[in-house]
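Residue numbers (our numbering), protein chains in the order written: chain C, 448 to 883; chain F, 448 to 883; chain G, 448 to 883; chain A, 448 to 883.
Hint data in this document are derived by calculation from the structure and do not stem from the laboratory. Even for Gly, the Cβ is constructed at its ideal location relative to N, Cα and C. Where hints are given, some of them may not hold.
[To be verified] To be clear about the criterion: a stretch of chain F counts as covered by chain C if any three or more of its residues have a C-beta under 8 Å from a C-beta of chain C, and this derived list gives those stretches: (1) 583 to 590; (2) 669 to 678; (3) 799 to 811.
[Said to hold, decoys possible] Straight-line C-alpha distance at most 25 Å; calculated PhoX-like pairs for lysine-lysine: (4) A/Lys843 / G/Lys781; (5) A/Lys843 / C/Lys857; (6) A/Lys781 / G/Lys772; (7) G/Lys857 / F/Lys843; (8) C/Lys781 / F/Lys843; (9) F/Lys772 / C/Lys781; (10) A/Lys787 / G/Lys770; (11) C/Lys772 / F/Lys787; (12) C/Lys770 / C/Lys740; (13) F/Lys781 / C/Lys770; (14) F/Lys772 / F/Lys787; (15) C/Lys770 / F/Lys787; (16) C/Lys843 / A/Lys857; (17) G/Lys772 / A/Lys857; (18) A/Lys787 / G/Lys781; (19) G/Lys770 / A/Lys843; (20) G/Lys843 / F/Lys843; (21) A/Lys843 / C/Lys843.
Number of protein chains: 4
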Amino acid sequence: MNGVVDLSIQSLGSCRIQSPLVNASGGSFVSDHDRILYDDVVCDENRDLPVSQWPSFEAAGARREIFFDPSNTVAGIVTCGGLCPGLNDVIRAIVLSLWYNYGVRRILGFRNGYQGLNPDYGHEILSLDPEAVDGWQDLGGTKLGSSRGNQDPARIVDTLVAQNVNILFAIGGDGTMRGAQTILEEVTKRKLNIAVVGVPKTIDNDILFIDESFGFQSAYMAAVDALKAAHVEAKGAPNGVGLVKLMGRDSGFIAAHAALSMSDVNFVLIPEVPFKLEGQGQFLQALERRLKKRHHAVVVVAEGAGQDLVAGDDGKDASGNAKLKDIGVFLKEKITAYFKTIGFESSVKYIDPSYLIRSVPANAYDSVYCLQLGHDAAHAAMAGKTGMLVGRWHGKQVHVPIALVTTGRKRIDPSGALWRLVLESTGQEAWETPAE
Amino acid sequence: MNGVVDLSIQSLGSCRIQSPLVNASGGSFVSDHDRILYDDVVCDENRDLPVSQWPSFEAAGARREIFFDPSNTVAGIVTCGGLCPGLNDVIRAIVLSLWYNYGVRRILGFRNGYQGLNPDYGHEILSLDPEAVDGWQDLGGTKLGSSRGNQDPARIVDTLVAQNVNILFAIGGDGTMRGAQTILEEVTKRKLNIAVVGVPKTIDNDILFIDESFGFQSAYMAAVDALKAAHVEAKGAPNGVGLVKLMGRDSGFIAAHAALSMSDVNFVLIPEVPFKLEGQGQFLQALERRLKKRHHAVVVVAEGAGQDLVAGDDGKDASGNAKLKDIGVFLKEKITAYFKTIGFESSVKYIDPSYLIRSVPANAYDSVYCLQLGHDAAHAAMAGKTGMLVGRWHGKQVHVPIALVTTGRKRIDPSGALWRLVLESTGQEAWETPAE
Amino acid sequence: MNGVVDLSIQSLGSCRIQSPLVNASGGSFVSDHDRILYDDVVCDENRDLPVSQWPSFEAAGARREIFFDPSNTVAGIVTCGGLCPGLNDVIRAIVLSLWYNYGVRRILGFRNGYQGLNPDYGHEILSLDPEAVDGWQDLGGTKLGSSRGNQDPARIVDTLVAQNVNILFAIGGDGTMRGAQTILEEVTKRKLNIAVVGVPKTIDNDILFIDESFGFQSAYMAAVDALKAAHVEAKGAPNGVGLVKLMGRDSGFIAAHAALSMSDVNFVLIPEVPFKLEGQGQFLQALERRLKKRHHAVVVVAEGAGQDLVAGDDGKDASGNAKLKDIGVFLKEKITAYFKTIGFESSVKYIDPSYLIRSVPANAYDSVYCLQLGHDAAHAAMAGKTGMLVGRWHGKQVHVPIALVTTGRKRIDPSGALWRLVLESTGQEAWETPAE
Amino acid sequence: MNGVVDLSIQSLGSCRIQSPLVNASGGSFVSDHDRILYDDVVCDENRDLPVSQWPSFEAAGARREIFFDPSNTVAGIVTCGGLCPGLNDVIRAIVLSLWYNYGVRRILGFRNGYQGLNPDYGHEILSLDPEAVDGWQDLGGTKLGSSRGNQDPARIVDTLVAQNVNILFAIGGDGTMRGAQTILEEVTKRKLNIAVVGVPKTIDNDILFIDESFGFQSAYMAAVDALKAAHVEAKGAPNGVGLVKLMGRDSGFIAAHAALSMSDVNFVLIPEVPFKLEGQGQFLQALERRLKKRHHAVVVVAEGAGQDLVAGDDGKDASGNAKLKDIGVFLKEKITAYFKTIGFESSVKYIDPSYLIRSVPANAYDSVYCLQLGHDAAHAAMAGKTGMLVGRWHGKQVHVPIALVTTGRKRIDPSGALWRLVLESTGQEAWETPAE
């Protein structure tokens, strides 16, 4: 990480109100001076620097003094983009923490993403309290509804002002965070005391400066069912091939983790590691060798893999992401055609389990993680933090500037430990020497 | 049921060998005279007939005397057609019953369906014993492999003779049972003492003269996951439609049961009940009404529904079944186009979970049922029964002539209790007055 | 079944109101003349009788004419006794059928069993409608709460009258049904037009005149998890014994089915089949032989098994059932002591999963079954049937007089097909020749 | 962490053999110079120190040069102590990595813990290869068997020598690691080139210097089922109390995480936070207040909590751990007696799911983690590392000296983030100001 990265967190002002938690908990709080090192690997370049010169994150957690007076605080929550396990857990945790830890009594749920903050859509605004969110932690999806795409920040801030909202919690991916920044800019322009706090959501686990995004574990755990089905189908027919397309536009984390956790996958194809279909040692020949040796094979492909191989036009979806061409259907056809050409009996069973994965409830780990994220988001917002999101770094809860996470995407390092384990475990070729 | 139906079971000859079970179990056996009524509903037509004039099935179970001498009996097992939960349970149960109950020591597993009995394919023949099948009950699919289509009966009987097989267990659907009949005819022509015993397999639950086929409950239980995903997706977007295509070529049993067990389905479309897309009170308008009222909807369609609506050619698959046109993709496009035309924001999430359903392991109920079927198949075969299959009728295990089950398919009665419950539960229109 | 059994159903009077379902469903109804044979096994004694002389059940389902006017009908629902999977499904199905099929608009939920009908307890009375019961089908237990024991019928009928209740749905076991009969007698004594309709609940599956009680399949499916744990524990230690106590006071259905569905059980001990601990060929020696041969064993015992072996006093619980002595703990101690005595290293891992089993949500099969039961209960009650319960017989929905089901308990026949399969599958000794 | 802690790793000698992975993977390796900081929180005491003075761990992973020649390496694997999810995954991963990554062809599985290395027990020694361990990742428990307690190190080393074992992998808890150290001392005394490599196993997650032990997530995920059952039972009876005892002798990690992931727990009692039963603001009164307000409560207690409250003697189990008194049964009785005394109707449903939790298969996360641990153990051993174990620290794989992890136990910090979240989430009292 180069030195120009700025990990400092914006604040609406100094905290002069004693937290209601002081009396309740006997007083164990986090200070803004508690910081978590960004880097914890020692190497020749950094070993002689005092750590005060190393970048570090502000620690998340309850502060002894807060900025907003709970008795007249109004909070709003919105969920945006595609579904991801844990959305309801995060919403519920924010509500419960605001309500029970701070005594906030007005919490609004905006429906269907940023649409719900734009009065033109006429979506109902929900009033949230502990009873309203009871049981939400057991439900997949989002009870608030979601939608893709951003809305006019002026219209949104009009709504915030009309509803007397002091804090907006935006739960979503990098498109949503870009939207949150435009809202923040509008808020700043109008000199309003409204905090904008993000909770980063990406089922692909591709957000920077976060160990792992919530819902990611639940997602690859659910993906294992599809891999097992593919394995059963592959073994159920002569030279069967089970082919599964998993989520992963830019990053193959779900494909890699699901393959590692299931242990009967023979090929993992991800966006980070280019491959060719034909030619000595390339995918189709490698698959042929595998089938001739073991009579069945399981192939996992991330949706963003091999985009250079798929012909056709491309556009953008409502969130502004490049539309992916369907590598799954493409591979199914190419494999079938290849074996037909060489006169080798085989059958390909293609599985695209996307909606079945992203709609599951959070697993136990993600439930705890989402609870933590929701509480930390509430703590941060009540302390007047803004323009930031809550995350986890090397196992500890931290605050991250929103501006940082939209600068790129986290990807699998083809020469790192994760991909090495995939190669060691599947026995598949490395395809191409990873470009440094 | 009219009087011409013949429920009598063929036998290879009289049973002169005392069953080894006589000493083991203290002797509780089934007699060929034990019979189960085909019909148990009393109505004006039948109330005055003595039951001796009613058709009835022979009861399944262990016989006190058997036909084959276990010490020189060789059994073969083959699984054919598409995967279905419980295949491995049935194989294992046959093996364990032959081995432990009777002392049969040579049991062959033919690989990849009837291909495995045709030496031209060169598939390995497995030797099965209790250790070989250990743990199979926890695995989906079939450890023997499967394939579609029948093979030359002469080649098959050559293999049976070469391997000294006395009993062939054929586990499969109606195509497989037709194949079993041709094998039986060849066996009869050659005057061989080889029993052919079927275990009926149809994930669609469409085999006649059987309460319920094994794997059917596991299948609709697994289908519920897809319906839940569809429901979550539908509620996660403005006017979301979750559309799920389930198995059911000729019969909508899986669609109906999954919809009933999940309870958040609004429309069930099955082959037995025709529907139209457009027009007053027809599907698209009904869906529009639902969305305008509740803002989300779940639609389940059996793969064989609405085939009259889908344009295009058709052929036959390797099993000789008419190839279905894809009603799921068709509906997805039609719904999307319709709402676009009328300018109504909606999004359709389409799920096709077929492989994920048929590859699951048997659930607890099916495990017990498959165990029973396997034991009953072993008992029937050892007693020299042939040209028959084992099934369950009104909760009791029975023998059914193979020739009967291939005469048609079991379908949902649009004026019967099951469909009535679907209508009562979903609140959907009856579409068309069911033909009496 | 002897001829004195009376399967006729009481009615509050003639049905003069056209069912609202006539217009909705296009008219497919059940008639009181539709009857299902009690017996469907043909044997020498009965083969020459005309079926009109055979006992038969009245078929369940919607009637074309009904007794109660939906516009002024008030229904009450109560759940009693121990938890069982599917209680919430049944409650919800009754509510939805009354509401949507008939237009009943006042449905009361009495809390905590018959306590909720006794004003002395002061329990709140809930008002139920489709929104109130939304999602209940996914929840184990009962949202109405439950309690054991009956209450003064006079106090209960006072409450029914005070609340203008026309129909009382009582969901519970045979104690509950005896309570329902006393309520019915009080109602009759006061000449009130109140229908009392039961839905039989017994996780043990021991109610007479019912194929299978709701929740039973879910229960033995859940029990399999405990058996798997016992198997893993047994294999994880030298000569490990996994011992699991399952529900089954008088009947070993759960133990038998769970053992059959799991297939790695070596001993099943049930109330219907007495056994001795020590002596040639008895339990402890048989277990010793098993361990010396295979080094691990799984034992399943129903809670009501071997009560003659356990010393100590006994009483009655609040439902009036004899309190069972704990055979599980007893066996654990006896096995441990026996192996210690003979100097054989072994360890017993004892699992009592009772609450974990009975609290699970209904599985897919039971969800459908409960839906059917709830609808049929609503149909029966609206038609003025009383003193009856809804059940399933040989796969068809029927009405059963309440008075019948409290006359005894359904038990496993030690010489029947189910127990035979257990013996065949486990290989365990028959212990004692079953008494005829 | 004070400066005297030594994180350096022992080695059998210099590595002069090129790793077979060099050709396979294109060469991405870990160096002994790669180090992970022990501490990554910046505070006033450490901010001016150069990191070269901070303690750090050696990074785990494949080395370019190795110590053992794969062609004549013999490896042995043993699993000890109580069951834990993932044991089979770790065994299998070690086998697969040795076999495929290195070409080791002789891998021995010692049965039933250290007993299997002591010839006096006569346990069979298994030969492990990829086919032998196929499918083990789907199985709970350990296919090698386990036992508690250590054995004479001289007898063990005799066995290692007799079998030509170069590497012993010991998978177990701190007792096992102490045993491993005595083996290592015996090996050193005899000047043998035998590497002893540990994989730390503790379902309680109480091993020091490890982020999280394998199987811990699977365990608390499985524990959630028990908490859900307790919640359902609590709500199913008037003033119901669901009481669950979970694992956790010295540390309440499972109790805390399960409670957080389930979100309907009202009291969490752990060994780290003392509590009193009676008196103003103490447990029984707090429970009474809760019941009077909400009519049901869920209580989770770790097995090591409240040991000061339970009267009676204590001893040591075979592993040398102090035997715990049963706090679960104790609390059940105390709660029941208390409410009886004050004349308050309540019922306590007590659940002890221990064996059901520890016997589950690893979940997807733990499967990946165990795969990583197994590979890293193989890499470390082949590189001649000894007296160490593989672990994860702040998300990165590291080597840890065995001697360190047996110096104490990891416990929940009552003033740290985890416990704070428990207090915030349950709303329970802090009981006592944590003494620091």
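Hint check results:
{"no.": "1", "hint": "583 to 590", "result": "holds (count 5)"}
{"no.": "2", "hint": "669 to 678", "result": "holds (count 5)"}
{"no.": "3", "hint": "799 to 811", "result": "holds (count 6)"}
{"no.": "4", "hint": "A/Lys843 / G/Lys781", "result": "violated (49 Å)"}
{"no.": "5", "hint": "A/Lys843 / C/Lys857", "result": "holds (17 Å)"}
{"no.": "6", "hint": "A/Lys781 / G/Lys772", "result": "holds (22 Å)"}
{"no.": "7", "hint": "G/Lys857 / F/Lys843", "result": "holds (17 Å)"}
{"no.": "8", "hint": "C/Lys781 / F/Lys843", "result": "violated (49 Å)"}
{"no.": "9", "hint": "F/Lys772 / C/Lys781", "result": "holds (22 Å)"}
{"no.": "10", "hint": "A/Lys787 / G/Lys770", "result": "holds (20 Å)"}
{"no.": "11", "hint": "C/Lys772 / F/Lys787", "result": "holds (23 Å)"}
{"no.": "12", "hint": "C/Lys770 / C/Lys740", "result": "violated (37 Å)"}
{"no.": "13", "hint": "F/Lys781 / C/Lys770", "result": "holds (22 Å)"}
{"no.": "14", "hint": "F/Lys772 / F/Lys787", "result": "holds (24 Å)"}
{"no.": "15", "hint": "C/Lys770 / F/Lys787", "result": "holds (20 Å)"}
{"no.": "16", "hint": "C/Lys843 / A/Lys857", "result": "holds (17 Å)"}
{"no.": "17", "hint": "G/Lys772 / A/Lys857", "result": "violated (42 Å)"}
{"no.": "18", "hint": "A/Lys787 / G/Lys781", "result": "violated (34 Å)"}
{"no.": "19", "hint": "G/Lys770 / A/Lys843", "result": "violated (56 Å)"}
{"no.": "20", "hint": "G/Lys843 / F/Lys843", "result": "holds (14 Å)"}
{"no.": "21", "hint": "A/Lys843 / C/Lys843", "result": "holds (14 Å)"}
Comparing the model with each numbered hint stated earlier shows that hints 4, 8, 12, 17, 18 and 19 do not hold.
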